[in-house]
Amino acid sequence: MRHATIYITLITLLGLSSCLEDPDCNTLSSTTAIVKFYKESDGKADQIRVSSIKAEGFEDESIAKSDLFSSVELPIRTDQNSSTFLFVTEHGESNITFTYDVSTRFISDECGIEYIIRNLEIASTTMDSVVVVNNTLSNSSTEDVKIFN
Amino acid sequence: MLKYLISASLLLACLISSAQDQKKEENNKQAGKQKTVKAKTDSVINELDSSTMYIPTGVRIGTDVISIIKTFSKDDYKQFNITADIDFHKYLFNIELGHLEQSIDSYNDSASYEVKGSYLKIGPDINFLVKDPDRSALFVGLRYALSSFSDNLSFIDKSPTYGVITDKLENNNLTAHWIELTTGLKVQIAKPLWMGYTARFKVRMSNFEEEELMPNTIPGYGLAEDKVTWGFNYWIMFRIPLRKAPVPNYLKK
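Going down the list, the sequences are from chains A and B. Take the first sequence: its letter number 136 is residue 137 in this note's numbering, and every next letter is one higher. Take the second sequence: its letter number 15 is residue 1216 in this note's numbering, and every next letter is one higher.
Since the hints were derived computationally from the structure, they do not count as laboratory data. The structure displayed is predicted, hence computed values, not measured ones. Be a bit skeptical, because a hint or two may be false.
[As the list claims (entries may be wrong)] The following residues of chain A were derived to be distant from chain B, with all beta-carbon distances above 12 Å:
1. Asp-129
2. Asn-140
3. Ser-141
4. Phe-149
[To be verified] Not the full set, but computed from the structure, chain A residues with beta-carbon under 10 Å of chain B:
5. Thr-32
6. Gly-58
7. Glu-62
8. Ile-64
9. Arg-78
10. Thr-79
11. Asp-80
12. Ser-84
13. Ser-104
14. Thr-105
15. Arg-106
16. Phe-107
17. Ser-109
18. Cys-112
19. Arg-119
By construction, the Cβ of each residue, glycine as well, lies at the ideal position given by its N, Cα and C atoms.
Working from the sequences, and respecting the hints, build out all of it.
Shown next, in the form of structure tokens:
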């Protein structure tokens, strides 16, 4: 039984070392929706001249500067379940309101928090055609929303 | 990788320690002329044993030393574990109770997470050292575990578009379920004093991905994001004998 006691002690030390958690700050979640523009006529990728894109209620901060864009990244509000974006483009003024669920998670002391945006939907829009192609936002995604002009 | 090494060495150590015991018993081997007498005594005792062997011989009650050490050495960490097992021949029935209170702050002080909850684990072990005269246990087993807990998260976050966001989210009385595979050893150190360990492989059944606040820690389970986790307990236990059972001095041939 003396041997067993020695083994128990050794195994305890091994066990304690396995309790040390390895931090991993590479989160997969994202809080930006990637929007790509398409031509309504033939469905092909399009570049449009954007004057400004702003988040409703935060008009001082422009999300996209005046330029030609084939895609833009829209920052989703994490403190509420909807975000509205105001577009001024070559096709005129328009807006999109997204609704979604936000889950907040504390990752670790080193990595802080992350948000997971799920069930992304279009609540209302003045644009002709907008489609959500990816309703859970992630880092690996290359396209979340399609806008046809 | 480290985790696999550890589990492999755990297994190895279990095998080695049981092999050592067998060797010891072999060394005690008596002369061949006593064999027939022993065999007769054994058969009588075995007969006695079979009628009473499922009546428990004792209860072991213990506490986990690792959680006590962590309580004293870590800031904002309180954990307490108690265990009890009762024997039914080669089966041990276990009840474990625990409580965890923990708070974690992010290094940049932008987020603070608190969790508080209790857990219960019940299930059987199979003891492979049932014939050991010291009543040691080398076991594998299964646990059903559930935890009832509450947690909250306060944080400040800066967004280039939306400015500073301050929020506090909380969950009240969430319940988590999981299954554990266990293995370990329990040995007698002094007359009533026992020591032992339990290594656990835990598989989560509950899912909290739909919650507004996704829990970081499930008391008794570990990190909530992991579908499987590992656990380890080092027990100090006392055994309360319930009856005197005949323990034959089994000899190896």
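So, going through the hints one by one against the coordinates:
With a least CB separation of 26 Å from chain B, Asp-129 of chain A remains clear of the 12 Å interface cut-off, as annotated. At the 12 Å boundary, the C-beta of Asn-140 of chain A stays outside the reach of chain B, the nearest C-beta of that chain being 16 Å off. Against chain B, the non-interface label of Ser-141 of chain A holds: every CB pair exceeds 12 Å, the least being about 17 Å. Distance check on Phe-149 of chain A: its Cβ is at least 25 Å (rounded) from any Cβ of chain B, clearing the 12 Å threshold; non-interface status holds.
Residue-level restraint check for Thr-32 of chain A holds (minimum Cβ-Cβ distance to chain B is 8 Å; threshold 10 Å). Restraint check, Gly-58 of chain A versus chain B: the minimum CB separation of about 8 Å is within 10 Å; hint holds. Given hint, Glu-62 of chain A at the interface with chain B, holds; its Cβ is 5 Å from that chain's nearest Cβ, closer than 10 Å. For Ile-64 of chain A, the shortest C-beta to C-beta distance to chain B is roughly 6 Å, which falls under 10 Å, so the interface hint holds.
A distance limit of 10 Å between C-beta atoms decides the matter here; for Arg-78 of chain A the minimum to chain B is near 6 Å, and the interface restraint holds. Annotation: interface hint on Thr-79 of chain A holds; nearest CB of chain B at approximately 7 Å, less than 10 Å. Interface restraint check for Asp-80 of chain A: the shortest CB-CB distance to chain B comes to about 5 Å, inside 10 Å, so the restraint holds. This hint holds: Ser-84 of chain A has a C-beta 9 Å from the nearest C-beta of chain B, less than the 10 Å allowed.
Annotation: interface hint on Ser-104 of chain A holds; nearest CB of chain B at approximately 5 Å, less than 10 Å. For Thr-105 of chain A, the interface hint holds, the least distance from its beta-carbon to any beta-carbon of chain B being 6 Å, beneath 10 Å. Nearest Cβ of chain B to the Cβ of Arg-106 of chain A: about 4 Å, under the 10 Å cut. The hint holds. Interface restraint check: Phe-107 of chain A against chain B, minimum CB-CB distance 4 Å, threshold 10 Å, status holds.
Interface restraint check: Ser-109 of chain A against chain B, minimum CB-CB distance 7 Å, threshold 10 Å, status holds. Using the Cβ-Cβ criterion of 10 Å, the hint placing Cys-112 of chain A at the interface with chain B is satisfied: the shortest such distance is roughly 8 Å. For Arg-119 of chain A, the interface hint holds, since its Cβ comes within 10 Å of a Cβ in chain B; the closest pair sits about 8 Å apart.
In the structure shown, no violation is registered for any of the earlier numbered hints.
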